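Input sequences plus hints: build the corresponding full structure.
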Amino acid sequence: MLYSDKVMDHFMNPRNVGEIKDASATGTVGNAKCGDIMKVYLKIEDDRIIDAKFKTFGCGSAIATSSMATEMIIGKSIDEALELTNKAVAEALDGLPPIKMHCSLLAEQAVKAALKEYYENLGGIPDDKKKYFEVLQEDEHSV
Amino acid sequence: MLYSDKVMDHFMNPRNVGEIKDASATGTVGNAKCGDIMKVYLKIEDDRIIDAKFKTFGCGSAIATSSMATEMIIGKSIDEALELTNKAVAEALDGLPPIKMHCSLLAEQAVKAALKEYYENLGGIPDDKKKYFEVLQEDEHSV
Amino acid sequence: MSDLATSRIYLDHAATTPVRPEVSAVINDVMNQHFGNASSIYMEGQNAKRLLEEYRDQTASVLNANGSEIYFTSCGTESDNWAIKGVALRNFGKKMHIITSSIEHHAVLHSFRSLEKLGYSVTYLPVDTDGLVHPDDLKKAIREDTCLVSIMMANNEIGTIQPIKELSAIAKSRGVLFHTDAVQAVGAIPVDVRDLGVDLLSLSGHKFYAPKGVGALFIRKGVQLNNLFDGGTQEYNRRAGTENLPYIAGLAKALTLADHEMKESSVRIEGIRDKLIDAVLASIPHVRLNGHRTQRLPGNANFSFEFIEGESLLLLLDHYGFSCSSGSACTSGSLDPSHVLLAIGLPHEIAHGSLRITIGRDNTEKDVLSIVPVLLKIAERLRAMSPLYEDYLNARETEYELCEKCYKDEEDK
Amino acid sequence: MSDLATSRIYLDHAATTPVRPEVSAVINDVMNQHFGNASSIYMEGQNAKRLLEEYRDQTASVLNANGSEIYFTSCGTESDNWAIKGVALRNFGKKMHIITSSIEHHAVLHSFRSLEKLGYSVTYLPVDTDGLVHPDDLKKAIREDTCLVSIMMANNEIGTIQPIKELSAIAKSRGVLFHTDAVQAVGAIPVDVRDLGVDLLSLSGHKFYAPKGVGALFIRKGVQLNNLFDGGTQEYNRRAGTENLPYIAGLAKALTLADHEMKESSVRIEGIRDKLIDAVLASIPHVRLNGHRTQRLPGNANFSFEFIEGESLLLLLDHYGFSCSSGSACTSGSLDPSHVLLAIGLPHEIAHGSLRITIGRDNTEKDVLSIVPVLLKIAERLRAMSPLYEDYLNARETEYELCEKCYKDEEDK
Ligand SMILES: Cc1ncc(COP(=O)(O)O)c(C=O)c1O
Ligand SMILES: Cc1ncc(COP(=O)(O)O)c(C=O)c1O
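Residue numbers (our numbering), protein chains in the order written: chain X, 1 to 143; chain V, 1001 to 1143; chain Y, 2001 to 2413; chain H, 3001 to 3413.
Treat the hints as calculated values from the structure; they're not laboratory data. Just so you know, these numbers come straight off a predicted model, no measurement behind them. Watch out, some of these pointers could steer you wrong.
Listed next, the stretches of chain X that the computed footprint assigns to chain Y, with coverage defined by at least 3 CB atoms under 8 Å from CB atoms of chain Y [claimed, not checked]:
no.	region
1	9–21
2	26–39
3	50–60
In silico contact screen, one side only, chain V against chain H (beta carbon under 10 Å); selected entries [as the list claims (entries may be wrong)]:
no.	residue
4	Y1003
5	M1008
6	E1019
7	A1032
8	K1033
9	I1037
10	K1039
11	S1061
12	A1062
The list that follows gives simulated cross-link-like pairs (lysine-lysine, DSS-like), each with its CA atoms no further than 30 Å apart [as the list claims (entries may be wrong)]:
no.	chain 1	residue 1	chain 2	residue 2
13	V	K1043	V	K1006
14	V	K1087	V	K1130
15	H	K3095	Y	K2117
16	H	K3165	H	K3263
17	Y	K2377	X	K6
18	Y	K2095	H	K3095
19	Y	K2095	H	K3117
20	H	K3140	H	K3117
A virtual CB, placed ideally from N, CA and C, is assigned to each residue, including glycine.
The following block contains the structure:
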């Protein structure tokens, strides 16, 4: 198979698909040209992610990484969620084919983009957190 | 098969192999480099070829054309033998593969070379016969 | 072990076809009984040689060629590379302009690219929204230093059939050689090299129920081109390599069968295809048919599903037992969607959502049409999780940044 | 119908081998059960892909390579053309000197010739009377602008095995890539790419009981070369064309079997070969053995019969049920005898009278040795009709004119 059983499970039965109407923040990354767009919705209370949902236009691994990434951050504090890496997402899925690694980066970027919006709504990213958002500058295709 | 049944017959059971100790004339053409040498022995009495034999170093069609050519001239007058062409030899063998056509030319040349020696022993080729010997100038590989 | 679980429905005959039992039987016979090297002088070799020439004549007769104009190769890709590089390199330093279309198979396009690197100049002819090359464009493109035009007979993605006869006549009138990649056409529609007026024509066995790994190049008598394989004297000194007699036997057999059955088979397949197209367009919203509506291969249907990405579609179809393909880049490891779909003018996000269904001799109407409700279900499911569909429902314009870099990467390849 | 009439004895295993039953069974299975295109995403395609990678790993492990260093091709000729043209064209305009030996197979030699036409300069290394390339000659030949050395591992006519390890080390020390045509070696003697130290290595299935029409090229990780087949992304983007899975399965199977049986099989075959050589040299006058006496392929025996032309010899052997080959030009349609026999110093008339007997796994000692009395009979018969033998008996020097023209023709090819 192209994908691990874990990837196929998350693709066939994606967790957390949908929108959060009263989301605290959303993040959208990717573009139609390259065939992947991910949108993450976060519901945050007391610095804790109490719910996360996603919508994704993309290939099997894009959907699976969205599903896995949202699952990994639900219930986490923001500080914990900031530690999410694309590598951790890929590992949690028992790996991705090399040409699909950019999908896991996209998932990390989508979460970070939502958290960035959250901080910005609060007045800006604290200096000591800025490093976590450098990934948003990275080109997802150079992974 | 590479060769017609006729060629194979003359190759497997060549007619007139051997030498004529008291030959009236012999002709040798070809060269070792190209892998074909034919030597024809003629016994001529009263302007008639009463016997012909050959020795050939060469491929299957070289042997078969030697066999056929000697068979075709035995009993013929010299004037008749001069009319022998490589085409006639090839046709009598039901054809040769294109890359082997030079073998039939070689057979014609061997006969002509012997007849040339015969004329030269008599003092030279008569003018009206010279055209039959032009073939000796032809490169056997350009056929 | 077998791929053909009873419940699976294979609808990707443009990618490859299964080997017909009659063909695999011939291959097995020849493999076990005639192993001689056709260049050898002894009985085993001469028997192989005789069979080889029989297969060559059989192949030629289907195409209305002479036996001496058919050269067996190892695949369609080899035939294309040989024809294109062979003619171009023959004219190296003399005529270094070559012409093709923008919707060719990669075997053709990438051969042109590699020639560009050697200093050739290339014109890529555009196509219209149906995927057709316009003869006037070819007329304008031909220059004094043009040595070759290569335009495919039928497109592998959208099935559009080009007016080859008209195009080759233009090349001919200007003294330029004309090659056509007929890999998708041969076995599916009539192909007559004299009627088409082409100088070179590529075909590949595995598109008409022979195995993968055998093809042929038609080279009209008198046409000069360099060899791609230098070496022994096989194939009249033009294509070295000990001959693969079993597969050549299989190719000749499969081609002959396809030729005999073509009329009946293509009418049947075309009928199913038209019902499929009508059913899909009628029952699923936001779907378009790609390619020319009538001037197309009998078995080809190509759709774009808006708001959906192709690989996800294929994975779900696979799950439900259907084998199809897509023009989405995600399936091929590149990031840009099919150059064919872009060339006919589709925007990227639409091109990414394309689905190719190609019907073959083993498909029944019932089987093929059973995909329609499944497609509807899948389309609904994927749209429900698509941010593009959400935008559409909210009447918002999609406005994500375009990735210039990955497009450029694709161009640079 | 069958070529293998019970009375025939096939002794031309260097030309090609029959397909082993275990191998044709695997091919048949894969052909009928796994027709999917390995590039496709659905089940049939992914199954094919998985098998493809298994076969690649099997092939690699026999050669002590990594799977990612093995690229499947359509034959030995393709592998040779790809390796040589690929490296040379990669260095076009930069390093344009290339080196080979004078006894290579035509797949190598004619590839070099075609590069000469593009402006490359070529050094053809000489060999000694045993057919060995001397390392010192290679050392002297390497220049600043040398990009490739290609020297075959074992010769197809005379069986001589080159000191590849030593030769490749010289190339390596000078930063030059080293290719070896191991088509005759693989399956017959141990071939370990790491131990040999080569960068590229060609092999062909039909020399070890897989079918004709499948081969492989080993490309050491990191080696850069141009593609020969441009097109799709198959074989890690380096060799386009839909994969011929059944034959690839056959190649992997045949290679694995050959590897397992090699020790036992080569001892047996070598034993028969030595008895054959001794018997021929002892019982027939005016015969010489060509090639190195010990550093040679186990199954290879190559003799020159003075005063006799090779094709006639072969035709008569064929008549008596023996299939062998010759280095005579007459069998190949050219006029000059084998370039290999000339390169080891044989005069033309001797080279024309050569006979190659190559023993395989299906031959018994009794069968092989039964050729000796037949050879004696044939030699006597052909000598009796040879004008060269007559000259010899009469103690005359042969003094027919040499045909400069046909030699030149051969050189010009
Ligand atoms: C040494 C050598 N190289 C290359 C080849 C070419 O292999 P193939 O016939 O598979 O193209 C052969 C045999 O034909 C050979 O013996
Ligand atoms: C139009 C076209 N050309 C060329 C090819 C290449 O053929 P092959 O896979 O036999 O190399 C294909 C199919 O793969 C094709 O559809």
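Verification of the hints:
1. 9–21: It holds, with 6 qualifying residues against the three required.
2. 26–39: holds (count 11)
3. 50–60: holds (count 7)
4. Y1003: This interface hint holds because 8 Å falls under the 10 Å limit.
5. M1008: holds, 8 Å
6. E1019: Since the shortest Cβ distance to chain H is 7 Å, the answer is holds.
7. A1032: holds, 3 Å
8. K1033: OK, holds: V/K1033 within 10 Å of chain H, min 4 Å.
9. I1037: holds, 5 Å
10. K1039: Cβ of V/K1039 sits 4 Å from chain H, so the hint holds.
11. S1061: V/S1061 check passes; min Cβ-Cβ to chain H is 8 Å, inside 10 Å.
12. A1062: Holds, about 7 Å.
13. V/K1043 / V/K1006: Holds, at about 26 Å.
14. V/K1087 / V/K1130: holds, 20 Å
15. H/K3095 / Y/K2117: The given pair, whose Cα atoms are some 17 Å apart, holds under the 30 Å limit.
16. H/K3165 / H/K3263: Cα-Cα ~21 Å, so holds.
17. Y/K2377 / X/K6: Since the Cα atoms of Y/K2377 and X/K6 sit roughly 23 Å apart, the hinted pair holds (cutoff 30 Å).
18. Y/K2095 / H/K3095: holds, 26 Å
19. Y/K2095 / H/K3117: It holds: about 17 Å lies between the C-alpha atoms, which stays within 30 Å.
20. H/K3140 / H/K3117: holds, 24 Å
Checked against the numbered hints given earlier, this structure breaks none of them.
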